[in-house]
Amino acid sequence: MIGEKLLELVIRFSGISAILFVLAIFLFVFREALPVLTSEKFSVIQFFTSIEWYPTSVNNVRYGTLALIAGTFSVTLLAMAFAVPLGLGGAIFLSEFCGPKLRETLKIVIELLAAIPSVVWGFIGLTVMSRIIVKYTSAPVGVNMLNGAIILALMAVPIIVSIGEDALKAVPDAYREAGQALGATKWQLVYRVLLPAAKNGLLAAVLLGVGRAVGETMAVLMATGHAVHIPHGILDSIRTLTANIAAELGEAPVGSEHYRVLFLTGVLLFTITFLVNLGADLVIRGVRRK
Amino acid sequence: MNLNQVSRMGVVAALTVCALLYPGCSGSNRDAERAGAATIQNKGSDTMVNVAQAWAEEYRTVNPKVDVEVSGGGSGVGIAALIRGTIDIANASRDIKDEEIQQAKANTGKEPKGFVAGYDALAVYVNRTNPLDEISLEQLAEIFVEDGRITKWSQLGVRIPDVRDDTIVRVSRQSSSGTYEFFREKVLHKKDFELGSRDMNGSKEVVELVGNARTAIGYSGMGYANSGVKMLRIAEKPGQPGVPPTAETTLNKTYPIARSLNLYVLGDPKGAVKDYIDWILSNAGQQIVEASGYVPLSAKKSAR
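Protein chains in written order, with this note's numbering: chain A, 188 to 477; chain B, 848 to 1151.
So here's chain A without its partners, still in its complex pose (with noise of 0.2 Å):
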């Protein structure tokens, strides 16, 4: 009986410390961050709208992360070009379109391709994929926007096509057959009844390959370069706000203005991925009151 009560209580403190958890990262790192608002060398608006990040500068520090920003929504959207019709076009298959056989065999090599750890992917976009990019392109390096983006794609790609395959799945078949009876062709039956059918939840697939892409650190810090600029083209190196963290927070001295800055930065990519993922959840409960 105190066996099954314990255990009870175990699966009970395990079900709610997602909860906990969240809360205590948000309140700890913003807690790091906090001071740094009232500093005189930190502004806010220079914060959001200078490109200027010289965190260690001897005469003159600024810490602008517009430049960080616009290398991760640059990059996250470049990454989405690619992993949307591909992850879409990945799910309407499975679902729709290929037999069982094929499906399961397709099903546990997308499941391989999710399980591949981001910092190999960060080692093939570094030296294979820069090599690519150098050979057939006119980039003077390969590590770049357009290497960090089909990296993030690769990754993205499993999660939007096995949640879109959740969603098409879910759509009832009485719909499939009144097409069908209908005289639609498969491809009619696609566009004009299953997309509008399951767009919520297909919606929110590619919400969540966001993101990922969003927060992937590794893989971005060895493929885009890592440089601080405002890209001009998809060949140009930048630099994401992840990447940045994990860059300089490992030797920030620990309650130094830098390092508080940093903790700031980690404030406003939490915001986002948060705002991204709140967005993806909300569309899902929509599917489910319908």
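Derived by calculation from the structure, the hints in this document are not laboratory data. The reader is advised that the hints may include incorrect statements.
[Unchecked claim] List time: in silico EDC-like cross-link candidates among lysine to aspartate or glutamate, alpha-carbon distance up to 20 Å:
id: 1; chain 1: A; residue 1: K322; chain 2: B; residue 2: D1012
id: 2; chain 1: B; residue 1: K1037; chain 2: A; residue 2: E239
id: 3; chain 1: A; residue 1: K288; chain 2: A; residue 2: E298
id: 4; chain 1: A; residue 1: K288; chain 2: A; residue 2: E239
id: 5; chain 1: B; residue 1: K999; chain 2: A; residue 2: E283
id: 6; chain 1: B; residue 1: K957; chain 2: B; residue 2: E946
id: 7; chain 1: A; residue 1: K294; chain 2: A; residue 2: D353
id: 8; chain 1: A; residue 1: K322; chain 2: B; residue 2: D1013
id: 9; chain 1: A; residue 1: K322; chain 2: B; residue 2: D1009
id: 10; chain 1: B; residue 1: K960; chain 2: B; residue 2: D942
id: 11; chain 1: B; residue 1: K1117; chain 2: B; residue 2: E916
id: 12; chain 1: B; residue 1: K1038; chain 2: B; residue 2: E989
id: 13; chain 1: B; residue 1: K1077; chain 2: B; residue 2: D1009
id: 14; chain 1: B; residue 1: K999; chain 2: B; residue 2: D980
id: 15; chain 1: B; residue 1: K1038; chain 2: B; residue 2: D1009
id: 16; chain 1: B; residue 1: K1077; chain 2: B; residue 2: D942
id: 17; chain 1: B; residue 1: K1038; chain 2: A; residue 2: E239
id: 18; chain 1: A; residue 1: K386; chain 2: A; residue 2: E283
Mind docking chain B on chain A? Use the hints.
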């Protein structure tokens, strides 16, 4: 579920963690007590953190009673900790400043004493296909400094074969790197870097990127050279002959951007700290300096 239950669960979890961790901890503590051992706290330069860790590991086989704890953070962080008296040895890839000596005297009553444990020649790398062999410090600064005048290879009179756009691709280090700070101090004279350089996260990555990009230039430790790159000769002033980064030019101080790797202690070292520093300065310690890619104190001790 009430609070009581939650706290009980917390205790259970804490006990489990302790049970998992405790045997290891207590075991090593007991070993240490039995041997009457000492722990040496060693902190500072990120450039030296690898060689410092290699020393600490090797020293464990020499004197198992002494445990050396190594951490990075930067030369300034190490010296600040020494001034507060919280560590035994500070690693620094720069010389201690006068005001730091004064602070240490005021705070601890002891004068910091420095030992040079090795040298590093900061090499400037370009791609192997780049016809340039030599560069002056001034030109180097104009390439890397904020609003610098040199942005294209043609401005240096260099024509890179088979390249349409000859904009110089600057390869730098992340701002927390000690190498970054040394370069900023000695080459840029404490001015800031121009933004937009590819800031690599390690010395090796700088060299690899330069090896893959024909229009790139970067700086890194001399030990990282590979077949895709070449190290430039550095001229102190334009028109002067360039000096290649080698163990010899580092030791005779003709290479302009060489630096010593220092250890600082408070007062004259005693006991375990003295033994450790003596060992670092001995043949065995110096071999580790060389194995880590730096220049040992005397070229005679070098096996190369």
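Against the structure, the hints:
no., hint, result
1, K322/A to D1012/B, "holds (15 Å)"
2, K1037/B to E239/A, "holds (17 Å)"
3, K288/A to E298/A, "holds (16 Å)"
4, K288/A to E239/A, "violated (55 Å)"
5, K999/B to E283/A, "violated (55 Å)"
6, K957/B to E946/B, "holds (14 Å)"
7, K294/A to D353/A, "holds (12 Å)"
8, K322/A to D1013/B, "holds (17 Å)"
9, K322/A to D1009/B, "holds (12 Å)"
10, K960/B to D942/B, "holds (11 Å)"
11, K1117/B to E916/B, "holds (17 Å)"
12, K1038/B to E989/B, "holds (11 Å)"
13, K1077/B to D1009/B, "holds (18 Å)"
14, K999/B to D980/B, "holds (16 Å)"
15, K1038/B to D1009/B, "violated (34 Å)"
16, K1077/B to D942/B, "violated (29 Å)"
17, K1038/B to E239/A, "holds (14 Å)"
18, K386/A to E283/A, "holds (15 Å)"
The earlier numbered hints that this structure contradicts are 4, 5, 15, 16.
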